[in-house]
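Enquirer: Mind docking these for me? Both chains are given alone in their own frames, and the hints should help you get the complex.
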Amino acid sequence: MSFLDTFNQLDWNEVKLSITSKTASDVEQALSASRLNHDQFLALISPAASPYLEQMAKKSLQLTRQRFGNTVQLYIPLYLSNKCTNICTYCGFSLGNKIRRKTLSMDELDAEIRAIKAHGFEHLLLVTGEAPGTVGMDYFRKVLPKLRMHFSHISMEVQPLDQKDYEELMSLGLDAVLVYQETYHRPTYNQVHLRGSKADFDYRLETADRLGKAGIDKIGIGALIGLEDWRTDAAMVAAHLDYLEKTYWRTRYSISFPRLRPCEGEMNPVSLISDRQLVQLICAYRLFKPEAELSLSTRESARFRDNVLPLGITTMSAFSSTQPGGYVNDEFLEHTALEQFAIDDNRRPEQVADAIRSKGLEAVWKDWDNCYSH
Amino acid sequence: MTTEKTRMLKIADKTFNSRLFTGTGKFQNRQTMADAIIASDSELVTMALKRVDLNSQDDDILEPLLQQPTINLLPNTSGARDAKEAVYAAQLAREALQTNWLKLEIHPDPKYLLPDPIETLKACEELTQQGFIVLPYIHADPVLCKHLEEAGAAAVMPLGSPIGSNLGLKTREFLQIIIEQTKVPVVVDAGIGSPSDAALAMELGADAVLVNTAIAVSPNPVAMAIAFKEAVNAGRRAYEAGLGSRSLEAQASSPLTAFLDEF
Chain Y
1 MSFLDTFNQL DWNEVKLSIT SKTASDVEQA LSASRLNHDQ FLALISPAAS PYLEQMAKKS
61 LQLTRQRFGN TVQLYIPLYL SNKCTNICTY CGFSLGNKIR RKTLSMDELD AEIRAIKAHG
121 FEHLLLVTGE APGTVGMDYF RKVLPKLRMH FSHISMEVQP LDQKDYEELM SLGLDAVLVY
181 QETYHRPTYN QVHLRGSKAD FDYRLETADR LGKAGIDKIG IGALIGLEDW RTDAAMVAAH
241 LDYLEKTYWR TRYSISFPRL RPCEGEMNPV SLISDRQLVQ LICAYRLFKP EAELSLSTRE
301 SARFRDNVLP LGITTMSAFS STQPGGYVND EFLEHTALEQ FAIDDNRRPE QVADAIRSKG
361 LEAVWKDWDN CYSH
Chain S
1 MTTEKTRMLK IADKTFNSRL FTGTGKFQNR QTMADAIIAS DSELVTMALK RVDLNSQDDD
61 ILEPLLQQPT INLLPNTSGA RDAKEAVYAA QLAREALQTN WLKLEIHPDP KYLLPDPIET
121 LKACEELTQQ GFIVLPYIHA DPVLCKHLEE AGAAAVMPLG SPIGSNLGLK TREFLQIIIE
181 QTKVPVVVDA GIGSPSDAAL AMELGADAVL VNTAIAVSPN PVAMAIAFKE AVNAGRRAYE
241 AGLGSRSLEA QASSPLTAFL DEF
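Listed in order, the protein sequences are those of chains Y and S.
First residue of the first sequence? That's 1 in UniProt numbering, and the numbers climb one at a time after it.
First residue of the second sequence? That's 1 in UniProt numbering, and the numbers climb one at a time after it.
Treat the hints loosely; a few may be bogus.
Okay, derived cross-link-like pairs now, BS3-like style, lysine-lysine, Cα gap no bigger than 30 Å in a straight line [said to hold, decoys possible]:
(1) Lys218/Y / Lys111/S
(2) Lys111/S / Lys58/Y
(3) Lys213/Y / Lys84/S
(4) Lys170/S / Lys246/Y
(5) Lys146/Y / Lys83/Y
(6) Lys10/S / Lys146/S
(7) Lys111/S / Lys59/Y
(8) Lys142/Y / Lys98/Y
(9) Lys170/S / Lys122/S
(10) Lys59/Y / Lys246/Y
(11) Lys14/S / Lys84/S
(12) Lys183/S / Lys14/S
(13) Lys122/S / Lys146/S
(14) Lys58/Y / Lys170/S
(15) Lys246/Y / Lys213/Y
(16) Lys84/S / Lys142/Y
(17) Lys122/S / Lys213/Y
(18) Lys213/Y / Lys142/Y
(19) Lys111/S / Lys246/Y
(20) Lys111/S / Lys164/Y
(21) Lys84/S / Lys218/Y
For each label pair, taking beta carbons as the anchor points, the in silico distance ranges come out as [to be verified]:
(22) Tyr88/S / Asp11/Y: 45 to 51 Å
(23) Thr99/S / Leu4/Y: 48 to 54 Å
(24) Glu150/S / His150/Y: 39 to 45 Å
(25) Glu150/S / Lys246/Y: 34 to 40 Å
(26) Ser218/S / Asp202/Y: 44 to 50 Å
(27) Ala250/S / Lys58/Y: 43 to 49 Å
(28) Thr99/S / Thr20/Y: 54 to 60 Å
(29) Glu230/S / Leu10/Y: 53 to 59 Å
(30) Ala241/S / His119/Y: 53 to 59 Å
(31) Gln98/S / His150/Y: 21 to 27 Å
A partial selection of chain S residues facing chain Y, derived with a Cβ cut-off under 7 Å [claimed, not checked]:
(32) Gly25
(33) Lys26
(34) Gln28
(35) Asn29
(36) Lys50
(37) Arg51
(38) Asp53
(39) Gly79
(40) Tyr88
Hints listed in this document are in silico derivations from the structure and should not be mistaken for laboratory results.
All residues carry an ideal CB built from backbone N, CA and C; glycine is no exception.
This is chain S alone, in the form it adopts within the complex (with noise of 0.2 Å):
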């Protein structure tokens, strides 16, 4: 039987009520985004390192957010293109944010900005050694997700479409293998262009997802993100549920081998 506890989500050594992970990028003012990432219950709130000025404490992206003490920042390495560079912004991060948290993101191909899986792997594997809770994005790769559990990554965030596309889970079927297969949460991530993309991950399985684009970039995103939060809970409900199984074909109610009950 499910329970409130079980809804709960644990990556690492915290534990998390809600299910969806939002982005600071592309709001049109600190406010907005402020109320929008409230307004969505999210508990992990990832943003760009390259955004933040390391210089200031109070670094005025940062600090509606701080206030807020049900949310955790996730730092992401995004812009780094090698293991180099990944490794390098996580510690001025870790530094400067006093969180050893992180999204490690290397994208060298700055069009579709799709990810690296050698440089990940290796980033990864370094970052794990030197103390830090590694979130990797990645391609929806399941073999990949098994080498990152075996480095000691404590989620994997395997995307369902190219970053900001809105396209959905486009890699359906790679996820699916991916959540029966890994042991350590799947987090959902990119792509996901509406709640009903949220609520399908969900139905599958993810243990959570992260929004950004559909909510910043929405003409109300205070309205969107509260629809994802409902979206996010629905998908998780109905999983834990448990969803009947489909077929084209029509069920009798009184099938062919019924006669075999009648001895």
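Just chain Y, same shape as in the assembly (with noise of 0.2 Å):
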């Protein structure tokens, strides 16, 4: 059994058409609630709440309070690579794009720990291409115990893998693991990857299954915003994170939404979103589910994401670079040649943690230890 069960159960339209024929008392019903079940997460995505996200802004901040406390935690990806031998219609890395290749040595990777570490973060964020020749086990086993040493927290956002190799570099040091299903509407997911292992849509979506049985501590799921409805797409994400939290209940879970950005050989998206929904999607995601973490890139505009971070967010990256080398070169943001989309809050780790500071909130640069990690 795996949540490809429970998903094939879903149909698409059907899922569509509930949360579109919500009503104003459906959203009434879904506020007063003091935990959501799926239909009333449904209510409050729908267009039928968008009068009420004053209300749901609210209980969303109180909730964030009571649960996460005035804090929000601080991370920063590193780009390993951008080699990829994937084929995807809104991704810089596609194989198809004609940008410089890079994978970091063991000699880099040294240099872009020490410049990551004068800023402050203990917690990283791995991420590659799909390119398992050059970025697979082999390589993940030279540079996870290498960054164990350095950081607190580790997480990875790379291609899926299998239990056991999950399970091996758990025990090399690997505390978390995102992987984002990009659409789950399966048809939409077949023309957008369109070469490459990722074009196998079941494999990803069992990802967090393997995860789960391998007994990870964290992973994160979400919806690239863009490619589909993002209604029906977050009601899926809801309905994966429901059945993750039931089946693997020792692990922690975060969600992400990120929007597509420009990138080379950039797509239109085919479903925007504006600023006022992504924040009723945000206030959705954290009624529905008060321990999850909402997390927040750099994808964002400073502006939005100063206003929008008290009221639901728990975890946000800085400092951003999008390309393998990018920390090296402190003026980093004006080489981007090699990365994988454009950033749009640009400001210095510092500047974000002040910007955190104003809203009455602490930026936290540690919250996991080493002893934690099999």
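Expert: Okay, here's the thing in structure tokens:
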């Protein structure tokens, strides 16, 4: 059994119709519930909930502060490689894009570690394109023990792996894996993933199950907003989370809601989401799962991030470079030839921390310790 | 007769004037945390090991607290999912922070953060043998408390309701059984959302309470810390004074059997 069995029983169009047919009464009932079920979540992401945004925001803020306190966790992505064997129509790393490809050598990795540590980060997210021949298990076996010596918490956002590989990486110091389905709409998924192993929808969908069985501490899921109807994709993310929480009850979960950003070979978003709707989505996730970590990346503007972070966000990246080797040169923002996508919030770490403090919150740099990593 | 001396709380080899224990998490900044803890008069302050930089002797979370001579640090193992992780975390904490006091927390369930009784007992047995002063965070389970007592726990810390829930003493009846039959101090931990919850725990006979979220997340943490301090003191005094019994029926001033005294 895996989420695939549950997923195959969900009909995209029926879920979509269920969302659009929600009424004000459904929204009010969801807002008064102490624990929301999936149907009540659908009410909160529906068009009918739009007039209730302020109420949702107030409740979301209160739940977030109660659960996570007055704190926001900071992390930084480290791009190990932009090599990729997939053709994905929305991604700058896509095989067909004429960008310079680079994979960090161990010396270059050392230099990146020094540059990142100088900024105070303890939580690291490793990112690669999907090129198992170059950045596969052999590469990870070299990289992880080295990073483990320097960072308190290590997450990965790389190609889906087998359960035994995850177990091995955990033994080398891996704490968390983020794996976004991009879209849960199978026909669209097939249209945007033209070549490479990522085209296997089912294997990707079952990644969280393999991670749960491996006993990983944290799994991040989400959908890339822009590929398909964002409301229906969010409903699928919520169903996925519901299933995972009940099945792998020892694991923590985080949700991201990345919007498509300009990149090399960019595509036009199919489903636009406004700032107002993204706030609605964030608040709906918070009301649905008060204990889930909600993460906001530097894809979003500084203004949007600063204003939305008290409402439900618990985790933020800062000072991100989306290209391998991007931190060694302090002026990396000027050099974007290798990047996955263009970031929007270019502020330095201390500026982001100051902005967090100005909202009456504490920027947390360390909230994990090696002793909890297998 | 109750004296000031009997009002003091003794756990292992330490005596505390305050029966309000506090925590360091969830505050909006270090200064507010320090101000609130100092205002609470708390002498035992728990802190998550996972937030402390063990490589830095002058970690800035601890710095404001280390300056207070009356404050004792109680590192906790929050984040540990089994006995093995908790024991390892405890060893690191002892080495880095030079204290053998430990709040043992093992919660494999990240949703409600409910403690694992089996792993907690296992870790407690191991840690007491290694010389730790162990204060285990547990569900309000009277039998588990007896097992932990036998395993050498210095106190037991049953929950009032899930961590951070502010739901108060949902486990009240079981807390009463624990207080009645446990020989080590009972510290009611988790779920205490208001000073009245803390006062009630003390009236029931708890030896102390631990409060974090309700103070840290309050719009005015310092004022809330003072409110908790006063509530804990009031509850303890009421317990020591002896509360009157309760009854739904009025107690007649001329009882039915009064005639028996007339002869």
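Enquirer: For each hint, tell me whether it holds in the structure or not.
Expert: Status of the hints after comparison with the structure:
About 12 Å separates the Cα atoms of Lys218/Y and Lys111/S, which keeps this hinted pair within 30 Å; it holds. With a CA separation close to 22 Å, the supplied pair Lys111/S and Lys58/Y stays within the 30 Å bound. Taking the CA atoms of Lys213/Y and Lys84/S, the gap is about 19 Å. The hint holds against a cut of 30 Å. The hinted pair formed by Lys170/S and Lys246/Y meets the criterion: a straight-line CA distance of about 24 Å does not exceed 30 Å.
Using a Cα cut-off of 30 Å, the hinted pair Lys146/Y and Lys83/Y holds, with the two alpha carbons roughly 21 Å apart. The hinted pair formed by Lys10/S and Lys146/S meets the criterion: a straight-line CA distance of about 19 Å does not exceed 30 Å. At roughly 19 Å between alpha-carbon atoms, Lys111/S and Lys59/Y fall within 30 Å of each other, so this suggested pair holds. A hinted pair counts as satisfied when its Cα atoms are at most 30 Å apart, and Lys142/Y with Lys98/Y qualifies at roughly 28 Å.
With a C-alpha separation of about 26 Å, the suggested pairing of Lys170/S with Lys122/S holds against the 30 Å cut-off. Only pairs whose Cα atoms come within 30 Å are accepted, and Lys59/Y paired with Lys246/Y is accepted, the gap being roughly 24 Å. Our distance criterion of 30 Å between C-alpha atoms is met by Lys14/S and Lys84/S, whose separation comes to about 28 Å. Taking the CA atoms of Lys183/S and Lys14/S, the gap is near 16 Å; set against the 30 Å cutoff, the hint holds.
For a cut-off of 30 Å, the pair hint linking Lys122/S to Lys146/S stands: about 14 Å separates their Cα positions. A hinted pair counts as satisfied when its Cα atoms are at most 30 Å apart, and Lys58/Y with Lys170/S qualifies at roughly 26 Å. Under the criterion of a C-alpha separation no larger than 30 Å, the hint pairing Lys246/Y with Lys213/Y is consistent with the structure, at around 13 Å. Of the pairs offered as hints, the one joining Lys84/S and Lys142/Y holds, with about 26 Å between alpha carbons and a cut-off of 30 Å not exceeded.
Between Lys122/S and Lys213/Y, the direct Cα distance comes to roughly 24 Å. Compliance with the 30 Å bound is thereby established for this hinted pair. Restraint check for Lys213/Y and Lys142/Y: the C-alpha separation of about 24 Å stays at or below 30 Å, so the hint holds. With a CA separation close to 10 Å, the supplied pair Lys111/S and Lys246/Y stays within the 30 Å bound. Between Lys111/S and Lys164/Y the CA atoms are separated by roughly 26 Å; this keeps the pair inside 30 Å, and the hint holds.
About 19 Å separates the Cα atoms of Lys84/S and Lys218/Y, which keeps this hinted pair within 30 Å; it holds. Roughly 48 Å separates the CB atoms of Tyr88/S and Asp11/Y, a value that falls within the hinted 45 to 51 Å. Checked against the hint of 48 to 54 Å, the pair Thr99/S and Leu4/Y passes, with Cβ atoms roughly 49 Å apart. At roughly 43 Å, the beta carbons of Glu150/S and His150/Y sit within the given window of 39 to 45 Å.
Here the CB-CB span from Glu150/S to Lys246/Y is close to 35 Å, well matched to the stated 34 to 40 Å. At about 49 Å, the CB distance of Ser218/S to Asp202/Y agrees with the hint of 44 to 50 Å. In this structure the hint that Ala250/S and Lys58/Y lie 43 to 49 Å apart at CB holds, the actual value being about 46 Å. The supplied range of 54 to 60 Å is met by Thr99/S and Thr20/Y, whose beta-carbon atoms lie about 58 Å from each other.
Take Glu230/S and Leu10/Y: their Cβ atoms lie about 54 Å apart, and the range 53 to 59 Å holds. For Ala241/S paired with His119/Y, a C-beta distance near 57 Å keeps the hint of 53 to 59 Å intact. Separated by about 25 Å at the C-beta atoms, Gln98/S and His150/Y satisfy the suggested range of 21 to 27 Å. Residue-level restraint check for Gly25/S holds (minimum Cβ-Cβ distance to chain Y is 6 Å; threshold 7 Å).
A least Cβ separation of about 2 Å between Lys26/S and chain Y falls short of the 7 Å threshold, and the interface hint therefore holds. With a cut of 7 Å, the hint placing Gln28/S at the interface with chain Y holds, because the nearest CB-to-CB distance is about 4 Å. Restraint check, Asn29/S versus chain Y: the minimum CB separation of about 5 Å is within 7 Å; hint holds. Hint status for Lys50/S: holds, given a least beta-carbon distance of 5 Å to chain Y, under 7 Å.
Restraint check, Arg51/S versus chain Y: the minimum CB separation of about 6 Å is within 7 Å; hint holds. Hint on Asp53/S holds. Least Cβ distance to chain Y is approximately 6 Å, under the 7 Å limit. This hint holds: Gly79/S has a C-beta 5 Å from the nearest C-beta of chain Y, less than the 7 Å allowed. The criterion of a C-beta within 7 Å of any C-beta in chain Y is met by Tyr88/S, whose closest approach is roughly 5 Å, and the hint holds.
In summary, this structure violates none of the numbered hints.
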